[in-house]
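Same order as they appear, the protein sequences are chains A and B. Residue 67 in numbering that gives the first Met the number 0 is what sits at position 68 of the first sequence, and the numbering runs on without skipping anything. Residue 249 in numbering that gives the first Met the number 0 is what sits at position 250 of the second sequence, and the numbering runs on without skipping anything.
Since the hints were derived computationally from the structure, they do not count as laboratory data. This structure is a prediction, so every number in the text was calculated from the model and none was measured. Hints are not guaranteed to be accurate.
To be verified - Listed next, the in silico DSBU-like pairs over lysine-lysine satisfying Cα-Cα at most 30 Å (straight line):
1. A:126 with B:164
2. B:284 with A:126
3. B:284 with B:164
What follows is each chain in one-letter form.
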Amino acid sequence: MKTIIGLIAGGGDIGRTRVFWIGFGVIVLLFLLYPTQTSAFRVSNVSFYLLNIPLGLGMALLWGYCGVLSFGHVAYFGIAGYTYGVIAGNMSGHPLGPLAGVAGGLLASAFVAGIFGYFVFYARVQKWIIPILTLVLTLLLETFLGQTAGYQWRIGSVLLGGYNGMTGIPWFQLGGFVFEGYSFYYLCLLVVLACYFSLRMLVNSNFGQVIVAIREDEVRTELLGYDIRARQLVVFVLSAMLAGLSGLLYVQWGNYITPSQVGLLQAALPVIWAAVGGTTSLLAVVISAFTLNWVTYTLSSQGNQYAMVIIGTLLVVTMLFFPRGIVVMVAERLGRLTTRRTASSKP
Amino acid sequence: MPLVLSLLYQFGTGAAFFFLAALGLVVILGMMNIINLAHGELMMIGAYTATLTYHAGVPFWLSVILSFFVAAAFGAVLELLIVRRFYGRQLGALVVTWGVSLVLGQGTLLFFGPFLPSIGIPGGSFSYGDFSFSAYWLILVLISLLLILGLWWLYNRTPYGLQAKATMQNADMARSLGVRTPLIYTLTFSLGAGLAGLSGALLAPTVTIAPFMGQQFVAPAFITVVVGGSANVIAGAVASSALLAAVKTPIGMAFGAFSGTVALLLAALIIIRIMPNGISASLQKFFNRRAGGAMR
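One chain only, chain B, in its complex shape (with noise of 0.2 Å):
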């Protein structure tokens, strides 16, 4: 029982740690259609602002949130300043946020230097049978649930979600309709932007604090959102969390954790080599289809 708790608890801190690192980029990619490259980047400014203010005397749940409006407000300017140009050129949107990216990482190593001091993992552990499990990551994978939950009434239940499914659809038909379709970019940008420095705040004190720290995150953000594909982005990134998640903490535990992200990588090559779209175009299919089946 204790070996099948642990197991469960591994996996559950995985695809928490996968949805987290992929959340912000999902946002953006799904509404706008945009790799955002400097994904890593805003992760390191949430956990920079974390950080600063936690050591400032700032409670640690406080600095978090202040780090989803301190990445919001850089993100919205990031929109406004150079993104807005790139709009259906989707490649030129990703190599000119990898120059942003540049730019920020480097920017950060001349203005603080290379590390900053860590933040000691709030919450403790506590042990069952031979295990010992840590609160805190516990309570991200609560975190994570209420993150879905959020994002689900945020676009079903509220007017911007209903404007910005809307635009998503049809740009041009919203803003004859009245939507100020300009407005809902640099607010989704701005969102996206938000979570990531959210999510930077939530794993700060499990990483540590560097100019490069968005490196980490890049190729486990990456291949969620390449293997959940673009159709239903909240979906595909909950789905291919979970799978990940299910590839990687078993092979990570028997191989080490290189052997587990190589894992990753197979995992997607194939994944999309199966299901193109990824899977959540795959998951859709099957339920218009089990609908459509309904119907007749």
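The following block holds chain A by itself, in its conformation from the complex (with noise of 0.2 Å):
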């Protein structure tokens, strides 16, 4: 127990003092009521915002902490989308058929992750070229399931869909309980707890070192004995994992999946959560992922156009003047303000 609070407050992340987990308690527990307090449609609305995060949570990981940046990381929420509608489909009526989807989805997202990573990674390749190939992997994946319209395009009893993408997926389910409004809701929010306190744990363990080391300097780390090659690989399999599990919820929220969230406009956002909030912070990410989901969702369900535009231009604005993202040189400029009032009261 005491090993695993010492991870947690481990130096990997910002927030460590006690006004940080006294405020970060009370927001966990204003969650935790919010349904209790708004309507079906909201709630509904902010589990989508929520089952977004641990995608931005593998993209933070992925390019913060380890210095590899993926543009295609979405191609890993569709296939994990993908393969959880066509198993549960399939089971349909099976109690065990979503779970039997939900570790489909997981490993499906994870072996096309472990076949691509061990060309790049493995080759040595330059930094520049990985973000360009994730990137025209999900731009075939998005052309290949864009022509999957028709009856032939079937597997089992689950139709592809084509452009209309795959339809009726259904919900999860453990036994014979259904997760659907509020319990998809509390499900959402276990999912992002925890994952951010076991990434949170990964950073700070022997393993986060190595790889932040890695990301400091490839050769110096290689020279002190480690296989970066491997561990390069590891990361970016386990986030592609994370970025499969917010397929998995995504397909879940909303019982379908097009093929234009493998598109390269969906692309584009996790790399923007990312940057918005500060890689090299994952509590930063979450935080940048929920609000500016909120914000492009609130947009574009009022109609309107310009969201791609806004999106875009925060991120030209924050890679101009704000290089480390914007909430962590938020939260940096907060922590001086509190250590210089209460210089006494850090633990």
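Join the two chains into one complex using the hints; note that each chain is given alone, in its own frame.
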């Protein structure tokens, strides 16, 4: 227990003071109480903002902590979502169907990421090649899924559905209990908290220290005796599985998925969440992923066509003027203020 | 004989397509070590300029030349305002140019609507045996060859080429010898953007003119660059265009266009596994070894 607390409280993320943890607890409590205060529609929207967070966390881990940039993580989002749809759809009515779908989806993401990662990391390609090839992979996936319209494109009893996408994907269920509405909201919240705390422990562990070392200097880390290729591959697969987790929750939330979920516009989003929040902090990416999802979802559901222009401009402005991320820089400013005022209260 | 000619034609036009799609990108990557993810949108700007001026009554070839200058001017502005701050930060440059591409694509959609009327393919076609060939695509092959020669001349025979190569090798040293390196960077980025616009205009008659038309060039352009590598970009781009066309043409003819594109990605993954720095680095090593052997 003590080691777990030690790992969570380690120096790998922002927010280590007592004040911070009190605030964190209050916010989690507010999220827990939120469904009692509002409509089912709003709860469903907030579930959507929450379910995208693991994808953002995967980007933060890969880009911010390991220094590897991927523009195609939505590919793993889509692979997991479609795999879940196929497996759970074919086993519909069976209580274990959704669970098998979740396992299958995560394995499929991990499998594709493993093969792809093997080629790029074991070739020791230059830094700029990985984002390019991941982008190409996700574009190909979109093209492929887009032309799967028609009855001949079916797996078992499930149609892939071309550009209209796959519909009628079952809810998640455990035994006889079906997660929909409020229970799905709590499932999302639980998954987000679990992902956040496990990743915070991971980045503070020895493994986490080594991946940060790889980011800082690959050659030096390798000369210290670490196999950087294997570690980069593990981080890549892990972050792909986090993206897959978001994909699973997404199809369980809306019961459908379309090829545009793995398209160029969607592919940009996780990168933007990570950049705007600040890639070197998990919590900052959680905050920015939640906020930006909220903003884009609200804008686009009002029929505002400027959503992507605003988001794109935000990315450019962040990269120009807040290179370490807006949330991280605000947090540092706040941290400096509070430490100046109460220098003795720091544990 | 007609079959061989047809295969050669397919191969030649395929290679020309890869080369044109990647051209602006490789100039910027080779000289400045920056990946410009707004490349597709610069091609889109070229295609839009050509289409709008063509329909306003300007002759096609003049509108193609015009689109070079419009895209080049746009590139210069982009470099001065944004890209300039990202030299030496490759991943940062990638991300920021991606943001630019989002804004440009979506902005064009809002401003010009979902599509423009297309340009008919100029030049007509002729047939030989059972196969028919488009004259315009043959002209594009010819233009690609001319562009290769032109770039070679620019980098090996002009003061700009000399200064640009000096800046690329050692920017500090070039600056102390009196080269205005910031100007060289702006000019180079502008040249790359202009070439992207030129390619976009040249390919405009063969595709649908839409705000996100740049996306269809993203995969071929970037695969060409990845396979070619950054050691000697022009030679790399030529070699990888030819190689990729040789992969795509037979597979695309046998199994359809999508399989051809998948084969491209697989080919790229296998090639970088064998030659991590691209074809150009391997070629250079090969020739260096031969030159070394001859000297001995």
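Comparing the hints with the structure gives:
1. A:126 with B:164: The hint holds at about 23 Å.
2. B:284 with A:126: holds, 21 Å
3. B:284 with B:164: Judged against 30 Å, a Cα distance of about 20 Å means the pair holds.
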